[in-house]
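Visitor: Please model the complete structure; the sequences and the hints are all you need to start from.
Protein sequence lines, in the order shown, are assigned to chains D and Y.
Once you know that position 196 of the first sequence is 196 in the numbering used here, the rest is easy, because the numbers rise by one and skip nothing.
Once you know that position 1 of the second sequence is 1 in the numbering used here, the rest is easy, because the numbers rise by one and skip nothing.
Hint data in this document are derived by calculation from the structure and do not stem from the laboratory.
For clarity, every value in this text was computed on a predicted model and none was experimentally measured.
Glycine included, each C-beta is placed from N, C-alpha and C at the ideal position.
Hints may be right or wrong, so weigh each one.
[As the list claims (entries may be wrong)] Cβ-Cβ distance ranges computed for the label pairs, FRET-style:
1. D:Asp79 - Y:Phe32: 29 to 35 Å
2. D:Ala192 - Y:Glu194: 42 to 48 Å
3. Y:Asp116 - D:Glu182: 46 to 52 Å
4. Y:Leu189 - D:Gly20: 32 to 38 Å
5. D:Leu115 - Y:Ala184: 37 to 43 Å
6. D:Gln133 - Y:Lys53: 40 to 46 Å
7. D:Gly174 - Y:Ala192: 50 to 56 Å
8. D:Pro163 - Y:Val6: 36 to 42 Å
9. Y:Gln134 - D:Lys24: 16 to 22 Å
10. D:Leu115 - Y:Val6: 35 to 41 Å
11. Y:Phe32 - D:Leu164: 33 to 39 Å
12. Y:Leu189 - D:Ala192: 29 to 35 Å
These are the residues of each chain, in order.
Number of protein chains: 2
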Amino acid sequence: MANVPVPLKKLMEHFAALPGVGRKSAQRLAFFVLDMPEEQAKDFAESILEAKKSIHNCKVCQNLTDKEVCDICASPQRDDSVICVVENPRDVMAFERLQEFNGKYHVLHGLISPLDGVGPDQIRIKELLLRLQQTDVQEIIMATNPTIEGEATAMYISKLLKPLGIRVTRLAFGIPVGSELEYADNSTLNKALENRVTM
Amino acid sequence: MANVPVPLKKLMEHFAALPGVGRKSAQRLAFFVLDMPEEQAKDFAESILEAKKSIHNCKVCQNLTDKEVCDICASPQRDDSVICVVENPRDVMAFERLQEFNGKYHVLHGLISPLDGVGPDQIRIKELLLRLQQTDVQEIIMATNPTIEGEATAMYISKLLKPLGIRVTRLAFGIPVGSELEYADNSTLNKALENRVTM
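Guide: See below:
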């Protein structure tokens, strides 16, 4: 990129470093920022710094928060006795969008993956066990992804919890609502058949 | 978005305000920033402020620069006698990527568009005329987009320049290299036929 002023080039490089943003999009975004009102650009820059500074993990559920204990954990309206265990904070957001689940969460911040050198100690499993000692939990919903790592992590945790007499459940697998059977992959179709329910 | 910490929500909103970034991408980008090393996030925020503060229009060609006169205008290696007139700074970048054009540029920052209330005075035409008085220019290449506004602007400027005895040229229209004839639109095919060249 010859003859591009350095500050513009830098901004373009920062955008290009974001996931899913190619060289052309980065250029477009940088120009958009240049065209923004001064105030908005300042706000944008500050929101990066502020988010980076104030967001950390909730000390109870490990979800992201700017407080010591997150709003969900602190809410007296949420059911303490059910904990939905997810891989990352984005999964919490997905569930919260439903506005259906009224229990609490536990964010593992990763999945067990020996090939990537991630063992049970690298994810927040001990924090979950600690919670179970402190509160009376009736059910743990394992809501990790239906991948090898997600399955392995769900299995590992469910085995850990069995002796504690806590009910451990897993999200249902099956064909996605609104999809077409002919395009379903074999494993999904298999699961759907295996877990069929009486009408 | 209930139960999303405010600083994170703000960051997501700023990303979502960018062109081509939807709600899901904005979320992904915000999480990516949270996972960045502290230093990189700081750099990113600063690059926004710095670009916003230091980038302005070159006083000669109106292209973006962080200096008084941009690198292209200041370069003694570039040919002063040919000026390529474009709509915006992104078009300059497109030409510079070619590394073929060795003349100078003039950025109009818009096109004449009566429907949008943009007349000749709202774009940088008088700055171009001023340049022509000060330097000995042989050729003006009109490189505005092949749209109604681009054409109208090219026509308007060429009529202004005719009396000055400067050669005004226009980018060639035709079928794009590597494209398929059967998918070419009628106007393009028409132009390609009209402007056919002897082999």
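Visitor: Evaluate each hint against the coordinates.
Guide: Hints, one by one, checked against the model:
1. Distance hint for Asp79 (chain D) and Phe32 (chain Y): a CB-CB separation of about 32 Å, consistent with the stated range 29 to 35 Å.
2. For the pair Ala192 (chain D) and Glu194 (chain Y), the beta carbons lie near 60 Å from each other, so the given range of 42 to 48 Å is not met.
3. The hinted range of 46 to 52 Å is satisfied by Asp116 (chain Y) and Glu182 (chain D), whose Cβ atoms lie roughly 49 Å apart.
4. In this structure the hint that Leu189 (chain Y) and Gly20 (chain D) lie 32 to 38 Å apart at CB holds, the actual value being about 35 Å.
5. About 50 Å separates the C-beta atoms of Leu115 (chain D) and Ala184 (chain Y), a value inconsistent with the hinted range of 37 to 43 Å.
6. The hint said 40 to 46 Å for the Cβ distance between Gln133 (chain D) and Lys53 (chain Y), and at roughly 54 Å that hint is violated.
7. Between Gly174 (chain D) and Ala192 (chain Y), the C-beta spacing of about 54 Å keeps the proposed range 50 to 56 Å intact.
8. Against the hinted window of 36 to 42 Å, the Cβ-Cβ separation of Pro163 (chain D) and Val6 (chain Y) comes to about 41 Å, which satisfies the hint.
9. Gln134 (chain Y) and Lys24 (chain D) have their C-beta atoms about 35 Å apart, which leaves the hinted 16 to 22 Å range violated.
10. At about 38 Å, the beta-carbon gap between Leu115 (chain D) and Val6 (chain Y) stays in the expected band of 35 to 41 Å.
11. A C-beta distance of roughly 36 Å is found between Phe32 (chain Y) and Leu164 (chain D), which places it inside the suggested range of 33 to 39 Å.
12. Roughly 51 Å separates the CB atoms of Leu189 (chain Y) and Ala192 (chain D), a value that falls outside the hinted 29 to 35 Å.
Of the numbered hints listed earlier, those contradicted by the structure are 2, 5, 6, 9, 12.
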